[in-house]
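> Spelled out from the first residue to the last, the chains are:
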Amino acid sequence: MTAPADKVIKKYVPMSETAFYILLSLFKQPQHGYGIVKYVESITSGRLKLGSGTIYGTITKMLKDHLIVVYANEERKKTYEITELGKTVLQKEKTRLEELYTNAMAHWGDINE
Amino acid sequence: MSKKHIWKPFWSFHIQRTEQWLGEMAEKGFTLTHFQPKLSRFTFKDESSLQETFAVSFDRTRQHPLPKALEEDSWQVLTAQRKWAVYGNSKPKEDVKTSIVRDGLEARNGKIETCWWIYFLFLIFTMTVQAGILLPLYLSSGPIEVTRVESPMWIFTYIVFAVQIAVTLIGIYSLLTLKKEAKRLSEESSPSYTVQEAPDTPQAGSSERQTKYKFGWIYAPDKLVKWLEEKEQSGWHLIHVYTGGFKFQFERSDKQLYAYSAIFEGRADKSAHAFHREAGWERVYVSGMNWQQWSIWRKGYTEEEEKPAIYDDPESKKRAAMKVSRLYTLMFAPIVIIFSLNFFSFMLPAVLEQGYFSLSGIERFNTTVYPIAISMFLILILRAWAYYFRVRRSVKSV
Numbered sequence: 001m002t003a004p005a006d007k008v009i010k011k012y013v014p015m016s017e018t019a020f021y022i023l024l025s026l027f028k029q030p031q032h033g034y035g036i037v038k039y040v041e042s043i044t045s046g047r048l049k050l051g052s053g054t055i056y057g058t059i060t061k062m063l064k065d066h067l068i069v070v071y072a073n074e075e076r077k078k079t080y081e082i083t084e085l086g087k088t089v090l091q092k093e094k095t096r097l098e099e100l101y102t103n104a105m106a107h108w109g110d111i112n113e
Numbered sequence: 001m002s003k004k005h006i007w008k009p010f011w012s013f014h015i016q017r018t019e020q021w022l023g024e025m026a027e028k029g030f031t032l033t034h035f036q037p038k039l040s041r042f043t044f045k046d047e048s049s050l051q052e053t054f055a056v057s058f059d060r061t062r063q064h065p066l067p068k069a070l071e072e073d074s075w076q077v078l079t080a081q082r083k084w085a086v087y088g089n090s091k092p093k094e095d096v097k098t099s100i101v102r103d104g105l106e107a108r109n110g111k112i113e114t115c116w117w118i119y120f121l122f123l124i125f126t127m128t129v130q131a132g133i134l135l136p137l138y139l140s141s142g143p144i145e146v147t148r149v150e151s152p153m154w155i156f157t158y159i160v161f162a163v164q165i166a167v168t169l170i171g172i173y174s175l176l177t178l179k180k181e182a183k184r185l186s187e188e189s190s191p192s193y194t195v196q197e198a199p200d201t202p203q204a205g206s207s208e209r210q211t212k213y214k215f216g217w218i219y220a221p222d223k224l225v226k227w228l229e230e231k232e233q234s235g236w237h238l239i240h241v242y243t244g245g246f247k248f249q250f251e252r253s254d255k256q257l258y259a260y261s262a263i264f265e266g267r268a269d270k271s272a273h274a275f276h277r278e279a280g281w282e283r284v285y286v287s288g289m290n291w292q293q294w295s296i297w298r299k300g301y302t303e304e305e306e307k308p309a310i311y312d313d314p315e316s317k318k319r320a321a322m323k324v325s326r327l328y329t330l331m332f333a334p335i336v337i338i339f340s341l342n343f344f345s346f347m348l349p350a351v352l353e354q355g356y357f358s359l360s361g362i363e364r365f366n367t368t369v370y371p372i373a374i375s376m377f378l379i380l381i382l383r384a385w386a387y388y389f390r391v392r393r394s395v396k397s398v
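Sequences listed follow chains L and W, in order. In case it helps, UniProt numbering puts the first sequence at residues 1 to 113. In case it helps, UniProt numbering puts the second sequence at residues 1 to 398.
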């Protein structure tokens, strides 16, 4: 059975950096496994090199929770696609991060004054 | 409108053939309306089908999702029954670009296979025990008298015997078919993952070589990994791991930087291996079994680069180590407990009461072997946990 959405949101927000970047890299277009690794590496300017075991574990979990789905593309390569639920979870996490950022900046401002 | 029921036993053991057959039925002008996976029953109505291509999917979570990419490629979920679903596509097979992923099905087939193996092991075990009891009787020179008591209950013996034979035949058929099916399924998904195995034979050549043994590393894989990495750094390149995983062959070469990783999986996960391979890891060893599978991986790197790791976050590192410690505890703890109970409540008191040398030969043997066996298994459990705590410490210090 599909876990109720709130339960999944509770489980994933806050989420690990790995989970966040996986969802983010799937946000605009589906990707295959190694594509995710490369994409994350490029948008973090090489800082984050995801280990394949780590990323595989997270993807397996997300498939089970229905944040993402998988299909085989033309070259029969496994391709991952974000679901509506996945987008909702990512949106919630983004809101949380925005709050973090706003608060951090507000306090930064205090110190600099 | 007439309905047509068709019984297709073992349809799930030939998934591609079943899909093909669904396509042929559609061509003949039958539309699939319903199917009962457990009963192997497919129901059609006499009406030309809108679908031309079919795919049967197994999803343990019963969600049967339809990714957008599949939807855009004209796929739709025709009928879903619990863990099974039939996907249909209005295009002919050649024009369909995307396909469903069969990991769930492969995992399910693997489980069925394991169940049958357990059945056959049990069968062999009981037959050996029976032979053990009856054989001395049979071999003894004295006359044996067997009395057969007439009873109407004998019918049950015959029925059970017949059932047993039928089950065994189904088991043999299932195992053979599933083996072939596994091959078909892996061939179907292989084009993207060209399997590149590490050299599987011992290398013979002119350069300097050495062979080293490493036993019991599965209880301390981190030490094996460290040893292999140090070997590479000292100019000994691993070229072959012999079957069994305890004999390692090295070749003299330039100093190289390699990151090694030993992975344990409860059930062999081919797609995980494909994933690691794609990420540039080379598999140098894999244990032969489909469950409790160990594999050793490596990846070269340079001084400037960070050392790569298959598991690179604390959580998954700890989880991977925990799997190992837990398994060996579950495996050996019962042995330790049963042996200890036996030893401390029966054997030791007997020794203390009667003295070691007044015991019979077999008792003396047992009182010596039991403590050795208990401590051996206890050491294995402790080593596995020591490994877990080493991983936990290393993770914390980062």
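By construction, these hints were calculated from the structure, which means they are not laboratory data. Careful: at least some of the hints might be erroneous.
According to the in silico footprint, chain L covers these stretches of chain W (three or more CB under 8 Å from chain L) [as the list claims (entries may be wrong)]: (1) 53–65; (2) 91–101; (3) 306–313.
Just so you know, even glycine gets a beta-carbon here, dropped at the ideal spot from N, CA and C.
> Hint by hint, which ones does this structure get wrong, listed from lowest number up?
none
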